[in-house]
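Spelled out from the first residue to the last, the chains are:
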Amino acid sequence: QVELQESGPGLVKPSETLSLTCNVSGVSINSYYWSWLRQPPGKPLEWIGYMYPGGNTNSNPSLRSRVAISVDTSKSQFSLRLTSVTAADTAVYYCARYKSETGSYWFDPWGPGTLVTVSP
Amino acid sequence: DIQMTQSPSSLSASVGDRVTITCQASQDINKYLNWYQQKPGKGPKLLIFDASNLATGVPARFRGSGSGTDFTFTITNLQPEDFATYFCQQYDHPLLTFGGGTRIEIK
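Same order as they appear, the protein sequences are chains A and B. Using the numbering used here, the letters of the first sequence map in sequence onto residues 1 to 120. Using the numbering used here, the letters of the second sequence map in sequence onto residues 1001 to 1107.
Excised from the complex, chain B in its bound form:
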């Protein structure tokens, strides 16, 4: 199984801040990495696919990068609606796995 180690598990930030989340795969997954946002009581929402491609309708302040085993997710100019939990997910088939999640809280 490919393990996804996501960090940090939580962070506090203010509106306007830049925040960065990392995800490390236990083996090479090429670019097969997606990022999701989840708000309480709702299903996750796709933000980035293939490590760096913005999903339709997602603001440009969200950015992803990386390949192989090390990936980064960045939000620049944090907005009030961005306070949520974020997950990475790898799809190096046949087994799909998720990172543990990062909760972004208001400082």
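Pulled out of the complex, with its shape left as it was, chain A reads as follows:
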């Protein structure tokens, strides 16, 4: 059974860098795309970006200049860094596997999510 779990600080100061890690278990991290998403309070889900270990990456143009997604295959983890945060980056952050099969794509499974608040 594939399971994902987000971890990281729940409070980040404005202008600083948000850093989160997603621990992956039950599957080889080398074989899939991995993604970060977020949901600000009262707003729709927003896709942040995805990456394939050692290969393709893609991110939301609205966040691209501030986002970095990386993977540590030895720890079966992938990470998100979001620089120069503001209150608008306050959200529940999710990690998810972005699965591809015969040209179809979907997010499954997802982690439970972690709330990150940007505040002084």
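Only true hints are included.
Computed list of lysine-lysine pairs in DSSO-like fashion (alpha-carbon distance at most 30 Å, straight line):
no.	chain 1	residue 1	chain 2	residue 2
1	B	1107	B	1039
2	B	1031	A	43
3	B	1042	A	99
The hints are simulated quantities; they were obtained by calculation from the structure and are not laboratory data.
Chain A is already provided as a structure; the job is to place chain B on it using the hints.
Coordinates of chain B only, in the frame set by chain A:
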């Protein structure tokens, strides 16, 4: 950017009811549309991929249809565990976007 307009934003229903949610894309996305269920405090769960294909282990009372710009998600014989929030998501790459969500509440 492809905008996904989901409606209604909420609805009240009773156990045994049939409920329908719609999602409209701002441009043609073929069949590149997924549906998810989310319960409080948990990450979303995939229900339907490619507009009409049931994900593994998902009960047959969940159904999706549509292509192009107009999509429908239906739950027949609503069960107590189905009271949750539902989202559509398009994957006409490179930018992936979600609908605003529909919360199904107990009447």
